[in-house]
Amino acid sequence: MNWGSVSEFLAMGGKGLYVWGSYGVAFAVIALEIGLLVMRRHAAGKDQ
Amino acid sequence: MLEVIDLACMRGERTLFRGVSFTLAARGLLHVAGANGSGKTSLLRIVCGLGLADSGEVRWGGEATRTLREAYWREVLYLGHAHALKDDLTATENLQVANALAGRPVTRAAARDALAAFGLEACLNLPVRALSQGQKRRSALARLALAGAMPLWILDEPFAALDVAAVADLEQRLLGHVDGGGSVIFTTHQPASISGRITQRIDLDAFEPGVGAVC
Amino acid sequence: MRDLTLAWRRRSDVFTSVIFFVIVASLFPLGIGPEGKLLLAIGPGVVWVAALLASMLALSRLFAADYADGTLEQMLIGAAPLPVVVIAKVIAHWIAANLPLVLIAPLLGLQYGLPADALLVLALALALGTPSLSLIGAIGAALTLGLRGGGVLLALLVLPLYAPVLILGSLAVEAVGAGLSAQPYLLLLAALSVAALSLAPWAAAAALRISYE
Amino acid sequence: MSSASPQAAVPVFNWFKYASPQTFFPLAGALAPWFAAIAAVLCVAGLYIGFFVAPTDAQQGESYRIIFIHVPAAWMSMLIYLAMAFWAGVGLAFNTRLSGMMATALAPTGAWFTFIALWTGALWGKPTWGTWWVWDARLTSELLLLFLYFGFMALQAAIDDPRRADKAGAVLALVGVINIPIIYFSVQWWNTLHQGSSVSLKSAPTMAMTMLTGMLVMVFAAWAYAIAAALWRVRCIILERERRSDWVRAYLGTAR
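Residue numbers (our numbering), protein chains in the order written: chain A, 1 to 48; chain B, 1 to 215; chain C, 1 to 213; chain D, 1 to 256.
Simulated from the structure, these hints should not be mistaken for lab results.
The model shown is predicted, which means the values in this text are computed figures rather than measured ones.
Be a bit skeptical, because a hint or two may be false.
Here are some, though not all, of the chain D residues that point toward chain C, as calculated from beta-carbon distances under 7 Å [to be verified]: (1) L144; (2) F147; (3) L148; (4) G151; (5) A154; (6) R164; (7) A168; (8) V171; (9) V175; (10) N179; (11) I182; (12) I183; (13) W190.
Note that the Cβ used here is the ideal one computed from N, Cα and C, for glycine as well.
Turn these sequences into a full structure, and let the hints steer you where they fit.
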């Protein structure tokens with residue numbers, strides 16, 4: 001195990017901003033894409 | 001011989017027409033009728049190979065025009081709504097250019113004679129932008145005087161913007177082409193006095209689109 | 001031939017793109033300051049970018065007039081194969097819109113204090129590189145024919161594809177400045193143009209038909 | 001009265017059967033959740049390996065852990081463009097409508113991955129090289145790739161007729177795919193000749209086995225996700241384009 005505690009895990013050896021910034025934005029983008037897809041599907045279904 | 005087999009055309013989600021079939025032999029004069037927006041221009045464009053049909057096929061001499069391509073286009077004269085005239089060139093130059101594009105270059109003298117035959121003697125050397133709408137139409141139509149060797153003429157609204165004398169003149173020219181063994185497809189809204197000589201008539205209003213149809 | 005005659009009768013268009021080219025290239029020193037060394041360093045790149053933009057601006061005229069007046073229809077169903085027509089039009093367009101840029105570029109290079117041999121290479125690189133710009137641009141112009149927002153869209157489509165020409169062209173001029181031979185870059189530029197000549201007319205012809213169908 | 005396009009009707013290859021949007025629609029609907037599930041499982045596994053099993057990098061410290069998202073995104077961005085060009089080419093060659101829809105469906109996902117690759121590349125560059133942006137050959141190519149995606153989507157958005165949009169997009173995608181290697185190599189030359197500030201990504205230290213495993217698992221997760229997203233999007237596109245057809249009306253009628 002690499003991490004002694006949760007705060008150590010979050011700190012990422014002082015690079016937390018960069019690491020979590022990367023993952024945060026990446027997953028936000030994926031969530032956004034899924035959200036857009038759901039909305040588009042909804043609109044397509046209603047369009048009758 | 002031109003064969004049109006089961007053509008369908010859609011614009012967006014709307015079906016313009018479907019199941020249009022006809023055969024046009026030599027000496028045939030085909031009038032395509034129909035209300036505005038019924039697809040007359042689309043049909044002509046598909047027949048001459050500019051447009052793409054959603055289904056169906058056009059054959060020339062038994063072969064599909066989509067495979068014949070240039071071999072077909074050398075035999076077809078298409079005049080559309082747009083005059084294909086360059087404002088900056090003179091009527092004579094325009095006519096020469098148009099014929100060169102069609103693979104039938106003509107001399108300057110021949111081009112001038114053709115324009116004269118359409119009553120444009122006075123404007124041979126004027127840039128086209130100086131011509132009136134009717135004169136422009138006539139200088140575009142002057143290609144007909146040089147296109148006796150092209151078997152199939154496809155004319156979209158050739159009578160538009162012409163005066164009475166020019167209409168009569170054009171009708172005689174179409175009949176002359178048909179009598180000489182050619183064939184003509186044209187659209188018009190005006191009651192033409194050559195209607196007696198029309199061998200076939202297609203009314204696109206009769207090919208009313210079916211709702212909810214998909215090709 | 002016909003296009004050339006036409007371009008001659010519309011001389012003002014040619015001058016517009018040349019003047020645009022000159023203005024863009026002259027604005028950079030105003031924004032950066034008259035420091036000789038810096039200008040010398042950015043000169044090749046700036047002249048190339050300006051040429052790229054000027055060439056692209058002229059592109060939208062490549063098919064637009066023929067599209068509007070119906071001549072393009074006649075070309076599509078003409079006796080000559082469409083790619084050949086496209087090549088002819090691109091050549092005419094290049095002579096009218098890009099050749100003047102090639103000729104005037106050395107003058108702009110002078111503004112940036114480029115040495116004489118670099119000026120020669122600059123003109124040569126432009127002469128070898130701009131044909132591929134016109135050819136690639138023809139595809140973009142054919143694809144965006146008659147579309148709303150055509151001009152901006154055209155820029156979005158073709159500018160990324162212009163990157164290799166820009167890079168090689170500026171490198172050629174910089175190589176001279178560094179005392180190296182520009183030949184490899186010039187050869188690569190020529191190779192790109194030949195490759196574009198062998199592929200782009202067919203792609204542009206296909207794009208034109210798609211735009212009409 | 002819907003029938004497949006002429007090519008699809010000819011049973012030359014068995015899977016041409018699925019080239020009709022109507023038959024593909026339920027298939028895509030059935031497959032997409034599976035790919036999404038695979039993506040989720042692999043993603044959790046990959047992140048676990050990446051954060052808890054893989055050791056700290058001796059040179060870069062913890063910030064190297066960004067590669068578990070950066071490299072998969074960069075790979076997918078290029079792979080999706082290739083897939084897009086492939087479907088576009090198939091669409092042009094066989095005139096199947098579904099191929100064009102697939103190409104259209106792939107583009108946004110590809111653009112998102114390209115964006116992620118650029119973003120994470122910048123966040124990796126800052127602690128590693130001290131700058132947000134390095135004009136490295138790969139990053140620059142990636143940026144141009146993003147522009148190519150934008151061009152493709154903007155072109156398709158500007159064309160109203162879906163058939164023309166598909167074909168025009170196909171020509172553009174194929175032109176782009178020919179250009180990508182040229183862009184990459186020219187950028188690389190340019191980069192090596194402008195040494196100085198630039199740092200080459202190629203000098204990455206040899207990776208520990210667990211790092212590689214974690215990265216590969218994440219690559220497969222991204223792959224599965226891209227497939228799932230594309231399938232979902234192609235379902236939306238089918239519904240939008242065929243909404244006047246009988247089967248879509250029937251489908252939506254029963255679904256309501």
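For each hint, the structure was consulted:
1. L144: Interface hint status for L144 (chain D): holds (5 Å vs cutoff 7 Å).
2. F147: OK, holds: F147 (chain D) within 7 Å of chain C, min 4 Å.
3. L148: At 5 Å from the nearest chain C Cβ, L148 (chain D) passes the 7 Å test, so the hint holds.
4. G151: Holds. Min distance 4 Å.
5. A154: 5 Å, holds
6. R164: Hint holds; R164 (chain D) Cβ to chain C Cβ min 6 Å, cut 7 Å.
7. A168: Holds, about 5 Å.
8. V171: At 5 Å from the nearest chain C Cβ, V171 (chain D) passes the 7 Å test, so the hint holds.
9. V175: 6 Å, holds
10. N179: 5 Å, holds
11. I182: 5 Å, holds
12. I183: 6 Å, holds
13. W190: Because about 4 Å separates W190 (chain D) from the closest Cβ in chain C, which is inside the 7 Å limit, the hint holds.
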